[in-house]
Amino acid sequence: MGKGNGSDEVLVVCSDRNMGTGIAIWDMETGDRIVHIPTCASPLHGLLCLRDQFLVASQVNKHGSVGGGAIFTWALNKPQQPLRSYPLEAIGPLGCTKDGLFLAGGSPSGNVYLWEVADGRLLKTWRAHSKSLKCLSFSKDDSLLISGSEDGVVCVWSMVSLLDTENFESSCSLLHYSSEHTSSVTGLLTTSGIANSTFISSSLDATCKAWDVVSGRLIQTQDYPLGITAIVTDLAEQLLFAGGVDGSIFVGVLDIGLLEDPFAVAGDEPVVLKGHNGSITALTFSSVGLISASEDSTVCLWDVINKVIIRRFSHHKGAVTNLVLIPRSASNHRRVSNQFRVSVLNKCPQPANSSNGILTLLHTCSSPEDHQAPVDFKRTNSLDQQIFEMEQEQTPAAMQMKVETSMDHRTWARRMTNHVMEMNRDLQSRLLDSIQIRLLLASGNDSRATGKSKKLKIESPPPLQQEKSCPGNEQAFF
Amino acid sequence: MATSGTVIKDMHDVGLKPRMIRTLLKEDVPDDKIPFDSPSKLSRIISCIQSHKLLSEPSITDNNKQIERWKSSVDDWITRLLSLVSNTASTPDKCWAGVCLLGVTCQECNADRFLRSYAAWFDKMLTHIQSRGDSQFVKVAACASISDLITRLAGFPNVKKEGISLAGKVIQPVLKLLNEDSSEAVLEGATHLLCSIIASFPNTLQRHHESVEAAITSRIFSGKFSVNLMKKLAHCLALLPKSKGDEDSWISAMRKVLLLVNGYLTEIFTGLEEETKWDEAVRLLVPPGEVPPPSLWGQKLLEDTSDKERKRSKLCSISMFMLCCCEMLTNSYPVQVSVPVRSLLALIERVLMVDGSLPPTTSSLLILAEQEFICSELPVLHSYALELLTSVIKGIRSQLLPHAAYIVRLVKEYFKRCELPQLRIKVYSITKLLLMSMGIGIAIYLAQEVVNSSIHDLNPILDGASLHANAKSEILVQPFHRKRKHGAAGSLEQLHERIGLEVETSKNCPTAISVKIAALGALETLLTVGGGLRSESWRSKADNLLITIATESCKEGWVSDERKTFLPNESTQACSDLQLAALRALLASLLSPSRVRPPHLAPALELFREGRQEIGTKVSEFCAYALLALDVLIHPRALPLADFPSATSFNEVNHRFPENNIYSVAQKHSNPFSSGMQDTGRGLSDSDDDLYKSWLDSSKETEAPAGKNMTEKPSETLRVQQGENIPLAGSSGAKSPWRNEHEPAAASADKEIRSGDEIMVDSRQLQESMEQHQESSKGATILTVAGDPNVTCVDLTSFASKDGTLNSRDTEMASVQAVVAGESDRLATKYGNTATSSAQKDATFDIEDDDSLPDIVDVDPDSD
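Quick mapping for you: the protein sequence lines, in order, are chains H and C.
Okay, so the first sequence: first residue is 89 according to our numbering, each after it adds one.
Okay, so the second sequence: first residue is 35 according to our numbering, each after it adds one.
Note that these hints are calculated values from the structure, not bench results.
This one's a predicted model, so the numbers in the text were calculated from it and none came from an experiment.
Heads up, a few of these hints could be off.
No farther apart than 35 Å at their CA atoms in a straight line, the calculated lysine-lysine pairs in the DSBU-like style are these [said to hold, decoys possible]:
(1) H:K186 / C:K428
(2) H:K228 / C:K450
(3) H:K362 / H:K228
(4) C:K575 / H:K186
(5) C:K203 / H:K490
(6) C:K75 / H:K490
(7) H:K166 / C:K428
(8) H:K166 / C:K43
(9) H:K490 / C:K210
(10) C:K278 / H:K186
To spell it out: a stretch of chain C is covered by chain H in this simulated footprint if at least three of its residues, at any positions, have a beta carbon under 8 Å from a beta carbon of chain H; those stretches are [claimed, not checked]:
(11) 471 to 484
(12) 558 to 567
Selected chain H positions facing chain C (in silico; Cβ < 10 Å) [said to hold, decoys possible]:
(13) S246
(14) L250
(15) D252
(16) S285
(17) D300
(18) S303
(19) R429
(20) D496
Backbone N, C-alpha and C fix where the C-beta goes; we use that ideal spot for every residue, glycine too.
Model the full assembly from the supplied sequences, consistent with the hints where possible.
Spelled out as structure tokens, the structure:
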């Protein structure tokens with residue numbers, strides 16, 4: 089695998105022609121095909137990447153199952169057969185939350201299915217639209233689901249209320265709907281911003297509309313000369329790119345904040361990127377530039393500033409329907425320590441109260457991180473406390489320590505006293521001895537003898553004092 | 035010095051380190067001869083070692099004499115310590131000092147040395163844990179030192195096997211310490227050692243899992259230790275599943291804990307809740323077909339005791355096990371696990387819904403006696419239950435979405451009941467967490483509750499009960515008194531009166547302030563996350579409230595040193611925290627998207643500018659940040675994109691400015707200085723002259739380009755600014771009709787007097803409008819009421835005064851009921867509300883500008 093410096097992303101592309109076409113993963117630097125995953129044909133908006141670890145694709149044809157649809161899930165980090173889920177109906181567009189925990193799929197009949205990815209539970213299915221679903225998108229904080237259908241209706245749903253187990257009428261979960269678009273919705277784009285949540289919808293009726301997510305108010309409408317099939321903003325959300333049915337891409341400045349102004353197109357002439365022969369099917373923005381896919385079986389990487397194509401990829405095998413950017417590292421086969429779990433998506437919802445409500449928790453921190461983290465030694469804390477205790481002498485442990493220490497001191501002192509007393513006794517006896525000797529020797533010279541004895545008596549204390557003054561030397565005496 | 039005759043260069047000299055070690059050894063570190071007279075000496079030694087990195091000599095020695103000397107002195111150091119630790123003749127305090135210093139050495143010494151000798155050190159310290167006769171202090175120190183050693187060892191991946199075998203040796207002695215009748219300090223040390231073994235070498239504990247679990251739980255059950263130790267034990271219990279590291283052990287531990295807590299609660303809550311709770315808990319926890327174990331860890335799940343002490347210890351165990359749940363939820367775990375969310379939530383609800391009141395069905399005297407006991411213990415239980423809820427939200431994050439509605443209902447319900455400040459703070463923080471984790475989707479449901487509660491909690495400031503009453507707050511009090519005289523009977527006013535009294539009695543109590551801080555925090559989060567709800571009715575109230583509180587809290591001046599001297603530290607801290615919280619919330623209210631330029635921008639800016647001048651405080655830091663953030667709001671930028679040609683001229687100007695002027699000036703400046711420094715030999719006057727001359731030169735040089743710049747730049751910038759201003763002016767012109775509608779409110783908001791009653795009216799109106807909203811599906815008359823606050827205001831007051839004083843209680847009840855009805859109908863009414871409110875909005879929008887028609891058709895609940 090070539091390691092390009094410029095981009096750390098690779099491009100995932102798939103078509104809807106036939107199952108054999110599969111998914112191709114391209115290196116954006118070199119244009120080489122890195123990986124090919126067979127058997128996949130996804131409709132528009134039917135391919136997405138979960139947590140940079142899995143590719144999920146809804147399948148167009150009824151593969152193998154009777155009348156139902158199919159959703160395949162591939163783990164990116166190991167080459168193996170996909171997880172095949174077969175929902176009740178064919179699933180067209182897919183949408184997932186940013187954390188990859190919930191997956192929404194829309195059917196041609198207008199039903200929306202909502203799964204929990206980790207254990208595959210079908211949390212909810214409800215009739216969202218009367219016509220075929222075209223787009224599904226979650227708001228940036230994952231708390232609202234926006235859906236667009238073939239007849240131009242856009243709906244905003246509250247996830248909290250959708251998933252409320254005690255609320256069975258789905259109608260209450262609908263926050264707003266609008267049939268402002270007169271033709272099929274082709275793209276839904278939520279903009280970031282924690283407080284100011286807006287989304288943009290594009291439609292074949294040649295307009296893009298910006299809406300307020302919460303109030304459902306239409307903020308702006310932008311008219312284009314022809315039907316819009318795909319929209320995307322640049323990473324900083326300054327520019328809006330809208331792909332048209334004839335393959336041209338319109339560039340406009342995105343200015344939702346200014347309520348009065350309609351889309352202010354930079355300059356008088358709208359910037360148009362022309363390079364595709366067929367209708368634009370998907371747009372995405374990478375760190376390198378804009379990437380567009382078209383029905384003419386090509387994918388182009390654009391230099392938006394100079395309006396030129398940097399690189400053109402050719403899919404050969406049919407119209408490209410989906411474009412997804414994934415980090416380069418995800419496409420390598422590597423061990424992920426804390427593998428995010430996916431399960432086969434259930435076909436039918438389980439009764440709300442049957443299980444004991446267990447849900448899978450993802451502990452985000454993995455054990456290696458624990459080891460890497462700077463270790464916090466307890467020593468300083470406990471030591472400071474101990475020192476404090478010692479100084480205060482308030483806790484029993486500190487008292488005990490003191491007592492033990494002083495007991496040790498006392499035993500030492502007793503030992504020393506005994507020792508000194510012994511020496512004293514010894515000295516005394518010697519003294520007596522010597523007095524005796526003197527008395528015997530010089531019985532004639534009395535006065536000198538008494539003087540000597542006095543002197544001796546005076547001399548005896550000093551060694552005693554000396555000993556006491558340096559207790560550490562006691563060993564030397566033994 | 036005898037070691038070397040060389041001169042020490044500076045404090046970083048390598049030669050200094052061995053000398054310092056030797057001095058320490060000679061003078062401070064005790065040994066047979068040197069007495070250990072004060073424990074504070076130890077901290078001096080340690081700080082000396084740590085700050086000078088005395089023990090971490092570089093391992094590569096290129097025959098450098100100094101390094102060699104350093105090495106040998108460290109050798110001496112270690113020899114001394116080992117003799118201290120192992121010498122049986124040394125007194126316990128010296129032994130303790132030795133163990134402590136050895137622990138420090140484990141942290142500080144270089145890796146080679148550590149790997150060479152950790153085993154020997156370990157054995158020396160282990161003997162102190164094992165031996166019976168040792169002083170407790172020494173045992174604690176040995177536990178701490180060994181845990182440091184093990185923690186350090188875990189950092190070397192290549193000695194994993196040795197580490198595991200080493201840790202395995204400790205477990206038995208530690209278990210013995212845990213099971214023996216050791217003192218609290220020893221237990222704490224042993225628990226800590228266990229925790230660090232689990233953290234470092236979890237596999238070691240695999241075989242001892244059961245015995246460790248039994249030892250810890252028996253300690254928790256005994257319930258006779260300090261809260262601190264109990265928390266440590268709970269923490270250790272929560273870590274224990276990591277030793278096996280598989281999904282099953284986590285789940286089984288969680289299940290056991292939950293069963294136990296539920297079982298104990300069943301006994302404690304007898305008579306205070308429905309009897310079915312235990313069965314429900316079992317149904318959620320035990321797989322169908324199985325029966326719950328009658329006892330866990332030697333404790334019966336269900337038993338009947340009337341012994342108060344036993345109950346108290348049970349309550350303590352419940353708290354600790356809940357804490358253990360919290361830790362299990364928020365700690366990391368190597369694999370994914372299934373969390374019994376429903377059962378956790380059921381437990382939380384179970385605890386929170388018991389408020390000590392007896393259900394109408396039960397009325398026995400025996401229970402009545404116990405009621406008092408339980409009521410006294412309930413706040414602690416509630417607090418832990420809220421803690422558990424916090425951990426559930428933190429641990430499960432967005433996967434909680436399917437249960438979000440349940441939690442919202444729980445929180446709303448509890449918000450109404452909760453009165454104790456500590457618990458209210460917790461509820462506020464839970465609200466914050468919910469808002470942060472689930473965004474606007476949950477803000478839709480929680481906004482009203484947060485606003486109501488925070489208005490309820492924050493209003494007393496307006497009632498003049500602020501800490502430092504002055505002339506201005508006198509004025510504020512006036513209308514309030516007048517109203518009371520007239521016998522106004524609004525329910526909220528009643529509320530205010532009550533709160534006002536409460537605050538007056540607990541004027542200096544910092545808890546009241548802390549609740550306010552929590553309320554401000556919740557409001558701030560709501561404004562941050564739920565700014566998209568710009569059109570909701572609460573917005574203007576919240577904005578008004580926040581500017582009032584910010585001005586009020588800052589009016590008495592910034593918390594300065596002067597006040598710190600005569601106010602107790604804590605309350606000063608609380609005051610400045612309140613200021614900070616108020617300013618933060620104010621900034622959020624200004625930045626949060628709204629339809630008009632924020633009306634309070636000017637006074638807020640004034641506040642921020644004032645606050646910024648309090649250099650060195652958090653408030654000042656925040657104010658600077660706020661001013662930066664507001665800059666974009668005051669002067670909206672329409673910066674050209676880099677890729678359009680207009681941008682180039684901009685760039686040029688920007689580049690030229692620093693290059694030609696500032697940089698060169700800086701160079702010119704630096705030259706004379708450096709020359710002045712070097713030529714110290716020269717006469718003073720000389721260099722002065724030189725300096726002066728070069729200064730003159732540089733100023734000459736700077737002048738010219740600066741002037742050039744002045745003539746050139748303005749035209750550039752002016753053009754840009756004009757360009758910016760045009761759309762702005764246009765927008766304000768276009769908005770003007772709509773502005774006018776709001777202008778009276780905004781204008782009056784600037785007066786000092788209004789705050790007190792207007793907010794009250796506002797909040798009353800809020801209730802009113804809620805009721806109105808419910809009816810609004812029938813008629814469009816409300817539009818006028820909601821549209822013009824002044825009219826409503828008048829209406830309400832007249833209505834209120836007619837009502838008389840006696841009825842006040844009733845009206846309060848009624849309005850509360852209305853609110854309750856609104857809540858209990860929940861989503862249905864809620865949608866009704868949002869639908870109608872946005873209907874109004876669309877209508878007003880219609881009037882404002884004709885070209886934009888209401889676009890999104892709101893849902894009619896009937897027509898779908």
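Against the structure, the hints:
1. H:K186 / C:K428: The hint holds at about 17 Å.
2. H:K228 / C:K450: The hint holds at about 31 Å.
3. H:K362 / H:K228: holds, 31 Å
4. C:K575 / H:K186: Between C:K575 and H:K186 the Cα gap is close to 34 Å, so the pair holds against 35 Å.
5. C:K203 / H:K490: holds, 30 Å
6. C:K75 / H:K490: holds, 16 Å
7. H:K166 / C:K428: holds, 31 Å
8. H:K166 / C:K43: The hint is violated at about 60 Å.
9. H:K490 / C:K210: This hinted pair holds, its Cα atoms lying about 25 Å apart.
10. C:K278 / H:K186: holds, 32 Å
11. 471 to 484: Contact hint for the stretch 471 to 484 of chain C vs chain H: holds, 7 residues under 8 Å.
12. 558 to 567: holds (count 7)
13. S246: At 5 Å from the nearest chain C Cβ, H:S246 passes the 10 Å test, so the hint holds.
14. L250: holds, 9 Å
15. D252: holds, 3 Å
16. S285: Holds. Min distance 4 Å.
17. D300: With a closest approach of 7 Å, the H:D300 hint holds.
18. S303: Result: holds, 5 Å to nearest chain C Cβ.
19. R429: Given a least distance of 5 Å, the restraint on H:R429 holds.
20. D496: holds, 4 Å
Comparing the model with each earlier hint shows a violation of hint 8 alone; every other hint is respected.
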